[in-house]
Structure formats: structure tokens, C-alpha cells
Amino acid sequence: MRGRQERDEGAPLFVERRSQLVTLERIYHQCIAGKGGTSLIAGPVGSGKTELLEIFAEQLSDQGATILEAVGSPRECDQAFGILQQLFAGLRDHAERARTRHLLSDSASHLTGVGDDRDAQFLRNHANQELWAMVRRLSMRAPVAIIVDDLQYADLASLQSLLYFSGRLRSARVVIICTRTDLPSPAGDERAVLITELLRRPRFHLLRTGPLTVDGVREMLAERIGVPVGPGLAESWHRVTGGSPFLLRALAEDNGSAGLALAQRLSEPVAGDEFAKAALACAYRGDRRLLDAARCLAVLAESGSFVLLPRLIGEVEAIAAAIVLALTEAGILDGERYRHPAARAAVLGEFGTADCAELHRRVADLLYADDRRPDRIAVHLVAAGSVREPWALEILLASAREALQRDDPEFAAKCLRTAEPAVSTAKEQLALAILRIHVESRSNPDNITESVVTVLDAVRAGRVAVDQMIGLLNPLLWQGCAGAATAILERIEQADAVLDDRCSADLTSIRAWMRSTHPGLLTGAGLLGEPSGGARARIVANRSVRGPALLADVLEIGPTEHTVPTAEWLLQTTRLSGASLPSIVSALLALVHADRVDLAERWCVSLLRESAARGAVTWQAMLTTTRAEIAIRRGDMVAARRDGLAALELIPRQAWGVALGIVVSRVLTAATALGDWQIAGDCLIQLPDAVFDTRYGVQFLYSRGRRLLAGDRLRAALDDLSTCGRLMGEWGIDQPTFLPWRADAVAVLLRLGRERQAAELAAEQLDRTNPGQPRAYGIALRTVAATERDPGPRRDILLRAIESLENAPDRMELAYTLADLSEAQVLLGEPRRARRTAQRATRLAEELSLEPLLHRLDIGRRPVESAQPVRSVGPADGDSDVLSAAERRVVILAAGGRTNREIAAELYITVSTVEQHLTRVYRKLRVKGRGDLAAYLHGGGFARRSVEVELRPGTGGPDLGRRGAA
-1 MRGRQERDEG APLFVERRSQ LVTLERIYHQ CIAGKGGTSL IAGPVGSGKT
49 ELLEIFAEQL SDQGATILEA VGSPRECDQA FGILQQLFAG LRDHAERART
99 RHLLSDSASH LTGVGDDRDA QFLRNHANQE LWAMVRRLSM RAPVAIIVDD
149 LQYADLASLQ SLLYFSGRLR SARVVIICTR TDLPSPAGDE RAVLITELLR
199 RPRFHLLRTG PLTVDGVREM LAERIGVPVG PGLAESWHRV TGGSPFLLRA
249 LAEDNGSAGL ALAQRLSEPV AGDEFAKAAL ACAYRGDRRL LDAARCLAVL
299 AESGSFVLLP RLIGEVEAIA AAIVLALTEA GILDGERYRH PAARAAVLGE
349 FGTADCAELH RRVADLLYAD DRRPDRIAVH LVAAGSVREP WALEILLASA
399 REALQRDDPE FAAKCLRTAE PAVSTAKEQL ALAILRIHVE SRSNPDNITE
449 SVVTVLDAVR AGRVAVDQMI GLLNPLLWQG CAGAATAILE RIEQADAVLD
499 DRCSADLTSI RAWMRSTHPG LLTGAGLLGE PSGGARARIV ANRSVRGPAL
549 LADVLEIGPT EHTVPTAEWL LQTTRLSGAS LPSIVSALLA LVHADRVDLA
599 ERWCVSLLRE SAARGAVTWQ AMLTTTRAEI AIRRGDMVAA RRDGLAALEL
649 IPRQAWGVAL GIVVSRVLTA ATALGDWQIA GDCLIQLPDA VFDTRYGVQF
699 LYSRGRRLLA GDRLRAALDD LSTCGRLMGE WGIDQPTFLP WRADAVAVLL
749 RLGRERQAAE LAAEQLDRTN PGQPRAYGIA LRTVAATERD PGPRRDILLR
799 AIESLENAPD RMELAYTLAD LSEAQVLLGE PRRARRTAQR ATRLAEELSL
849 EPLLHRLDIG RRPVESAQPV RSVGPADGDS DVLSAAERRV VILAAGGRTN
899 REIAAELYIT VSTVEQHLTR VYRKLRVKGR GDLAAYLHGG GFARRSVEVE
949 LRPGTGGPDL GRRGAA
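Heads up, the sequence shown is in my numbering, so the first residue is -1 and it goes up one at a time.
Hint data in this document are derived by calculation from the structure and do not stem from the laboratory.
Label-pair distances were calculated between CB atoms; the ranges are:
{"hint": "1", "residue 1": "Arg573", "residue 2": "Asp369", "range": "21 to 31 Å"}
{"hint": "2", "residue 1": "Ala485", "residue 2": "Arg787", "range": "49 to 59 Å"}
{"hint": "3", "residue 1": "Gly224", "residue 2": "Gly88", "range": "32 to 42 Å"}
{"hint": "4", "residue 1": "Asp369", "residue 2": "Gln77", "range": "39 to 49 Å"}
{"hint": "5", "residue 1": "Glu400", "residue 2": "Leu197", "range": "47 to 57 Å"}
{"hint": "6", "residue 1": "Val212", "residue 2": "Gly333", "range": "10 to 20 Å"}
{"hint": "7", "residue 1": "Asp369", "residue 2": "Leu323", "range": "18 to 28 Å"}
{"hint": "8", "residue 1": "Tyr282", "residue 2": "Gln77", "range": "16 to 26 Å"}
Built from N, CA and C at the ideal position, the CB exists for glycine as well.
Please build the complete structure, drawing on both the sequences and the hints.
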């Protein structure tokens, strides 16, 4: 029988089956005493019925019993006396075996030719009497065990004979033991009636072998690997197999001993080929209806439309439910869904491609007739691969729109590809082109060129509705198709007088979004007419307008007392969706520019969790970029770099469109601050020209300017920063709370020796801020301090800057301002205060991993001698004397009359290091000794000029882009 090979291979036995075996042994002992009986082992497919039967049969054989055994088969269930022929074919006596074969063959041949039921009954009774007499003669020598596996497939004549035998077991040393798989019976099934009749016989015993419990799985795994198994592993294996012993053994084969040990550590098994084959075998072991249902459920899983199962398999609901229950108890299903994708894949893989496609079409037809939900129907149309139904095109286009709303551009693209062959008219072609722009702009923008041409021709011909034109502006602008967007805007403005309330409100929404993202495009655009009362009501009710409008106001006039409460209200009352995402991100950025990064971060984390739970990858990418911006405003450049890089990995780079500028700029800003020159160099990429018509472009210019400044490419840095400032001014968004570009431009100008211009720019920066903007105001004060020659006033201004920054979230700006103050205090002869200030700056720099600042502060992380040179530019001739930050501090103290030992004690370095610094300084400045150093300082040397640490990493990277970076 089946199972012996499995047992010989050492599979664990008797797990949660010992009680059944004990019952069988008790029944056999009664049989020996002349009290025979009938036992039926029932259970689902793969539950170990055959295995239990064979184990018991072997025990009986070892005890000298005569074993007569047979196996039912669906292929032989119509062969009269087929089971009896198997039973008596094992007789040892040749004469008895021949006589029995002749009796059964003769009876079977006469039985098929008899038309009268009484005659048929006479023939069966005659055969049964002869056979029972033979069994009784056998039982006189030794107890007889009649064993039939898969009784549900026994032929009717054999079943009637077994019924005949079971009625005569009370005083016989004969036991009948059968197995039956739990399967639903069709109405009027005579075989099921006979088996039920068998259950009513005296001395009948029913034994069940259900799925293993979690504890049973744990015991089975422990026996296999020889060590105790944790509950987590047992639960995961039970979850995959449903406790089916058959599937458990297959899963164990896939994992092997080493794999089981690994799985125990991971608490998760690996389902491979053996598991897949076993799952498919379970579907085949039932009758044809189980296999058909398994295939249908695998297809229905695409849309979850399991209610269609009865109609697909042609059964009433009760039978369909019983079939699902049988597959569930077999470990394949959990309810109506597959427990593991490997099982579903195996069933679908065995199903022919054409048959599978046809089944998907049947499901689509039924769904269309029932509820007409496009999302459910389209899943099956896409899976079918082609469409024939006249209604399919409309369904596919509608489903593509819904897929975009739930951030699933991949499925939307599949819908369009499936729909394309069904397009036949110019109107349908235009509808497909419009949708393709929406879809491909977020997944494969290189494919939208042809569609854009088709749509623009239709726009010029007046064949595109105003609401469709308004809807196209966002995807076109997202992918940098500014020319096409401008043409559509012009066409809409021509139709402004006839806009209905909905279109007027939608156009106001898109222009509010453009104010915050593409302000340059609106500077030359015409003015809209005043919205109607109905349009104004829609605008007020539409929160998707309020977010971009709020951010645009912040960019144009700076944060006000209304910014934070408005942003919070929007976040509290707006449900996350594809349409609302720009408004939500705008509200988060408004909080950031208002220095409420604590609120922004709390909301951003919550929204990211929701996006991940809903599988919306594009939403996750945009919100992760926003979290990188929040981290930058906190001064946490490590988190900003991590989030920026993570955002780039979430969606393809081409899918970012013009927003690629913002995510790259966030990484570039963070990497520059951390001294991660490799990643910073990788960010110096060639961006499309369209990026520089957006807010994202000026942010990239600003970040690149700071990177160039760190690499001592001063003129290129000034070019980028100036271009950034010019564009912000032209667009009316020149707010230091957005980008304090003047602060970095001042640093460049001071390094170039253009002090008067630097001072003017610093004063302008300060004029544009106020104490109510603590971060921007503190940065502006620090910038003014850098232009102040006298260390006294410089110190005072820096103290005001620190006071402001301590009320701001940006710890990096605070660390740099503290470093500036420490240097000013050194110049003022306040070494103890300078030391305390430098120590505080160092602690912040260490916490934030700001390697360039740590280098400048000259802590023990790197040898003082390895510090890269600083450049001090003379006021007149522009020649440079190169000193390191450490050398500069030694020179200042030496010129002030300190001894080498005093200098070493104050700077926490050795006397030998002081001597080495002075030796190099004398050579660089071409002076002879300390007296010359004092004369050099009094004569306007570096002590009076802005001197900053300059790291000299390789700038690397490809072309720097269209604007700036000469």
C-alpha cells in the first residue's frame, strides 16, 4: 500500500495517532476471542489514514493473522467485484485462489447482463455465501483481517459483499478495517448510501485522523531534527500546512535537517518543490471536483470573488462549501484562500495556459453580470491576456483610473496594455492616450511622447474636455513637459469664461499646487477670472487645495501665526490618498518651515506607516523624502542621508520626474554635512532642464553650491548660490525660512576677499528674518558675525545667534555657531570660555557625526598634523598663505606672548606638537620668529580675516548640470 516507502525513509510516526492504534489493537483482541467487528478510519486527504492502516496490518501479520487487502481507485470503481478480486488474490492456497477468481469473474459477467434487481440480488447473495464460507474456513486457522484502503472508491458489488460480511462478524474471528477520505457526496450517490449503511452495523467503530495540532507539529519536527522545537517554529509550520502530515513531510524534505535547524532560528519554513508537488497531489487525491475547485479558487484569488465558486464548478452552494472544507482540512486552503503561494502556484502551473485564460474570462463575465466593479473584473481580464467582450475596454480604462488613485501604476499600465488592441475609434484612442500620460508619467515616462503628441493635437482641435485638460497638467508638469502644460494652460484660459463650477475649482487647485512647485510657469501665465460662488464653495471644501496654497504662502511671505494651526487642521482632517498626498506633503513642509519639525515628524511617521500598510510605494517614497527634509531641519544628517537614499530605492529614478531634484538635494546636503564625499559626489548628476523651472531645482542648486564650497570650488559655488537666489527672487519665494542661500554666499565671498559685498548680503539676510523665525534668524546673525572684523562685536552677535538657535530644532547650525564663538573667544583672550564653548560644539558634532566640523574643532579623532590647510586671502593682492586650523590657533597664542608650554596646556596638545606647528608656520609665512608673527598680525594678517577650515576632498562626479558650476 501507499506509505510504506515514506515510513521506511524514517518519517516520524504515531504523532497524535496513538489512541487510534490502541483502539484498533483492542478490536483485534476481541476478534481473536471470536467477536469480530468493523472499523472505519476516516479523515481528510493526507491525514495519515493509509499510514495508520499499514502499521496496524503489519502488526497483525507479525501476530499470524491472515491479511486480505485491497485499495479502491476512482478508475476501477465501476468494475464489479473489483475490490473482492484484490482481496482474494492474496490467498496462499492455489486451488482456493483459482476457485474464488472463477466465482467472482462468473458472477461479474452474469451481473452485468441481468436486468431484474431480484435476479441481481440472487447472484450477489450466491457469491457472497460462497466467499463468506471461504473466509470462515480461513478464520478457523487464524484470525482474518479484511483491509480496504479508500473505501469511497469501492465498486458497488464489493460494497454490498462487505455489508453482507459485516452482518456475520459477531461470532467470527474476522475483522473488517477500511479507510475513507472525507469528500462531499453527490446527491443520490448509491456508494455513499452503502457506506452509511455499513456504519449502522453492530460492532462498528469509527476512528478519525484529523489534521495535527500545533503541539503535534512541534512533536513531529522535534522527532525529525532530534532537538526540542520552539513554539514559534511549530506555529509557522502549522500555518503553512494546516497540520497535514502529508504536507508536513514534504515541507520537511524541502528544508532538510540543516534547513530545519535554520528554520528554527528564523521561525519560518521554506516551501519548495516537494511542498508544491504534495499540495498538487492532495488536490488530485480527491475526486475530480476537488481539483476543479482548487483551480477555480486559485483563479478567484486574484479578485477575492469566491462567491462565484458554485457556479464555476456547477454545484449547489452546500456541496461547494463541503469541497472547500475538504481542501481546508487537507491543508491546502485556509478558508477559501491558499495557505501558501507555492500551493496556488503549483495548481495554476499544472493548469494549461489556454484553459486558465478561459477560466479568467468566465469569471470576468460573471462579475460583469453581477456587480460590475471594474477593479475586480479588470484583474481577470488582464490575467486572460486579451479581451473579446465589447464592454471590456470601458472596464479596463475605469480600472486603470482606480489603480492610479490607490497608487498602483503598475497594474494601471497592465490594464492599458490589455485594452490597447480593443481600441478602434479616434475617441477611444484619445481616452487611451490621456490615461497613458497619467500612468506612464509615474512608471515609464519615456513612453509618453507619442501620447503627448496625440493629446496636444486633440487639444488644439478642441476635442479634449476642459476637465481632462486640467487633469493632465499635474502628470505633464511632474515629468517636465512644461511646453505641453503651458499650451494646455493657454487653451484653458481661452475657455475661462465658460468654466463650470467644478472645472473652475479644479483649475484653482492645480494653480495653487503650481505656486508651490512651478512658480516660474505662473509668472507669465494669464490671470483667471474670479471663481463663481459654487466654485468658491468647492474650493473651500476641497482640502487638496489648502495644503499647496498654505505652502505657497509660506514660500512667498514666510510662516505666520496661522501656518501651524492650519497645517495641523489639514493633517487631522485629510484622509491619505493619491489625490490628497500633495496637500498632505505641503502641510508637513509648512510645519517644517515654521520650525515645528516635532509636529511634522510625528505626522510623517504615522502617514508612512499607513502608506506601508496599504502597499503604496509612491506615497512611501514622497513621505520618506519629506522625512529626510525634517531630519535636515533637526540637524540629523545621518537620518537625512538614510531616508534620502531609501526614497531613491523605493521607485525608479525616472518615475520621480522633476521631484528627483528634491530627493537628490536632500542626500547631497546630508552627505556634505557629514563629510561623505563619495555619496556627495554621486549626487552631482545631470538633472533635466525642466527641474530648474521648479522649487526642486533651486533646492538642488543650493545643495550643490554648499558642496562646491566644501570642496573649495568657490566661484562655481557662488554661481550656483547666486542662480538659486536670482530664481527665488524672480519667482517671489525668496524667504530665508525656505533656503538661506545668502548665508552660504557670504561664506564664499569672504573666502574670495570680497568683504564689502559679503557684509551687504549678510545685512540683507538679516533684514529678511525676525526673532519669530529662530532658525532663520540665528543663521542670519551668524552670517552677519562672520563679516564683522572686530572679535568683540562678533562674539556679541554670535551670542545672540546662539540664543535664537537654542529655540530652534536645528542642532547642526547651533554646533557651527558655537564653533564660531569659540574662535572669537580665543581671539578675545578668553581661553577658558573658548574651551567650554568648543567642548559643547564638539559634543554636538560627535552626536551628529559632523566630520568636517570635528576636523575643524581639531579633537583627538584625527592627528592635528593631518588637518587640511585653510586658505587666508590677503585683502589686497589675493595671494594666499595656507595654514591649518591648528596652526592658526598656535600662531594667535604665540603672537600674544604665550610660551610653548602654555600654548600646549591651553590647547591640550604636546609641546613637541606646538614646536612642529610653529616650524611649519615660519616656513609658510616666510617669517623668522615670534616677533615677526606679532608684526604680521598687527599688519592685517589672518587674525583679522575670516578664516575657515577647508577640506579638500576630490569633487568627482559627472557634469554638474545646466545652471551654475562654471
